[in-house]
Amino acid sequence: DAGVTQSPTHLIKTRGQQVTLRCSPKSGHDTVSWYQQALGQGPQFIFQYYEEEERQRGNFPDRFSGHQFPNYSSELNVNALLLGDSALYLCASSLVGALYEQYFGPGTRLTVT
Amino acid sequence: QQPVQSPQAVILREGEDAVINCSSSKALYSVHWYRQKHGEAPVFLMILLKGGEQKGHEKISASFNEKKQQSSLYLTASQLSYSGTYFCGTEIRGSGGSNYKLTFGKGTLLTVNP
Chain A
10 DAGVTQSPTH
20 LIKTRGQQVT
30 LRCSPKSGHD
40 TVSWYQQALG
50 QGPQFIFQYY
60 EEEERQRGNF
70 PDRFSGHQFP
80 NYSSELNVNA
90 LLLGDSALYL
100 CASSLVGALY
110 EQYFGPGTRL
120 TVT
Chain B
574 QQPVQSPQAV
584 ILREGEDAVI
594 NCSSSKALYS
604 VHWYRQKHGE
614 APVFLMILLK
624 GGEQKGHEKI
634 SASFNEKKQQ
644 SSLYLTASQL
654 SYSGTYFCGT
664 EIRGSGGSNY
674 KLTFGKGTLL
684 TVNP
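Protein sequence lines, in the order shown, are assigned to chains A and B.
Per the numbering used here, the first sequence starts with residue 10, numbered consecutively.
Per the numbering used here, the second sequence starts with residue 574, numbered consecutively.
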């Protein structure tokens with residue numbers, strides 16, 4: 010049973026550029042949440058996608074956008090990258106209707122220079 | 574609003590017990606506990622819902638005081654594998670129950686030594 014997968018593993022971008030991160034949920038899961046985790050901090054909720062729509066959003070600017078595809082996979086897009094966007098980006102999947110147990114992927118380490 | 578975890582760090586010898594606390598100023602729908610080892614993804618440990626329902630691993634126990642909006646994670650007879658950072662995540666009550674947004678605390682670093 011494949012768990013949550015994310016790509017790429019690491020990414021280095023220059024300030025002002027745009028980046029797309031990808032996530033495939035655990036088999037059978039239909040909901041995807043994205044988190045940003047700075048070094049030494051807990052994950053911060055960016056947004057959640059269900060039925061191809063953004064269901065809830067955290068306190069992140071519009072530079073952060075996302076998408077969910079019919080196969081439940083998801084993308085996180087960040088425009089106009091800032092140095093402060095450097096972090097580990099985690100994707101978590103869950104199944105609506107079940108207790109909200111989330112399975113996290115290994116994350117994408119984004120470095121903005 | 575971010576839940577507050579205590580202690581920030583704890584060091585144990587193998588076999589000792591520990592309690593990690595999580596408190597919120599908001600009315601909670603649920604509390605979640607995760608453990609994250611260095612360089613790895615957070616791993617689900619336990620979820621506690623308003624009303625008493627809970628789900629988690631057999632060797633992990635936790636409590637949820639709905640009146641005080643507090644939760645505690647109990648780690649008994651600790652093993653070396655328990656080392657890691659423990660995060661609590663809280664869900665605020667929404668119109669239909671959950672608001673689908675998990676807010677994590679800053680974490681508690683647990684170190685278990687031989």
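Rather than coming from a laboratory, the hints here were simulated on the basis of the structure.
For each residue, glycine too, the CB sits at the ideal point set by N, CA and C.
Be a bit skeptical, because a hint or two may be false.
Calculated lysine-lysine pairs in the DSSO-like style (CA-CA distance at most 27 Å, straight line) [to be verified]:
1) B/Lys640 - B/Lys674
2) B/Lys599 - A/Lys35
3) A/Lys35 - B/Lys674
4) A/Lys35 - B/Lys610
5) B/Lys640 - B/Lys679
6) B/Lys640 - B/Lys623
7) B/Lys641 - B/Lys628
8) B/Lys628 - B/Lys610
9) B/Lys640 - B/Lys610
10) B/Lys674 - B/Lys599
11) A/Lys35 - B/Lys640
12) B/Lys641 - B/Lys623
Here are some chain A residues pointing at chain B (derived, C-beta under 7 Å) [said to hold, decoys possible]:
13) Gly51
14) Pro52
15) Phe54
16) Arg64
17) Gln65
18) Asn68
19) Glu110
20) Phe113
21) Pro115
These are the hints, each one checked on the structure:
1. Distance restraint check for B/Lys640 and B/Lys674: the Cα-Cα separation of roughly 21 Å lies within the 27 Å cut-off, and the hinted pair is therefore satisfied.
2. Between B/Lys599 and A/Lys35 the alpha-carbon distance is near 31 Å, which puts this suggested pair outside the 27 Å criterion.
3. Taking the CA atoms of A/Lys35 and B/Lys674, the gap is about 19 Å. The hint holds against a cut of 27 Å.
4. Among the hinted pairs, A/Lys35 with B/Lys610 is consistent with the structure: their alpha-carbon atoms are about 20 Å apart, no more than 27 Å.
5. The straight-line distance between the Cα atoms of B/Lys640 and B/Lys679 is roughly 23 Å, inside the 27 Å bound, and the hint therefore holds.
6. Simply put, B/Lys640 and B/Lys623 have alpha-carbon atoms about 10 Å apart, close enough for the 27 Å limit, and the pair holds.
7. A hinted pair counts as satisfied when its Cα atoms are at most 27 Å apart, and B/Lys641 with B/Lys628 qualifies at roughly 21 Å.
8. Restraint check for B/Lys628 and B/Lys610: satisfied, since their Cα atoms lie roughly 21 Å apart, inside the 27 Å limit.
9. For the suggested pair B/Lys640 and B/Lys610, the alpha carbons sit about 32 Å apart, so the restraint of at most 27 Å is broken.
10. Of the pairs offered as hints, the one joining B/Lys674 and B/Lys599 holds, with about 13 Å between alpha carbons and a cut-off of 27 Å not exceeded.
11. The straight-line distance between the Cα atoms of A/Lys35 and B/Lys640 is roughly 35 Å, outside the 27 Å bound, and the hint therefore fails.
12. Annotation: proposed proximity of B/Lys641 to B/Lys623 holds, straight-line Cα distance about 12 Å (limit 27 Å).
13. For the restraint placing A/Gly51 at the interface with chain B, the shortest Cβ-Cβ distance is roughly 3 Å, inside the 7 Å limit, so the hint holds.
14. Annotation: interface hint on A/Pro52 holds; nearest CB of chain B at approximately 5 Å, less than 7 Å.
15. Checking A/Phe54 against chain B: minimum C-beta separation of about 5 Å stays under 7 Å; hint holds.
16. Hint status for A/Arg64 relative to chain B: holds, with the closest Cβ pair at about 6 Å, below 7 Å.
17. For A/Gln65, the shortest C-beta to C-beta distance to chain B is roughly 4 Å, which falls under 7 Å, so the interface hint holds.
18. Annotation: A/Asn68 was flagged as interfacial toward chain B, and the flag is violated, the nearest CB pair being 10 Å apart, outside 7 Å.
19. Hint on A/Glu110 holds. Least Cβ distance to chain B is approximately 5 Å, under the 7 Å limit.
20. For the restraint placing A/Phe113 at the interface with chain B, the shortest Cβ-Cβ distance is roughly 4 Å, inside the 7 Å limit, so the hint holds.
21. Interface restraint check for A/Pro115: the shortest CB-CB distance to chain B comes to about 5 Å, inside 7 Å, so the restraint holds.
In terms of the numbered hints stated before, the structure departs from hints 2, 9, 11, 18, listed from lowest to highest.
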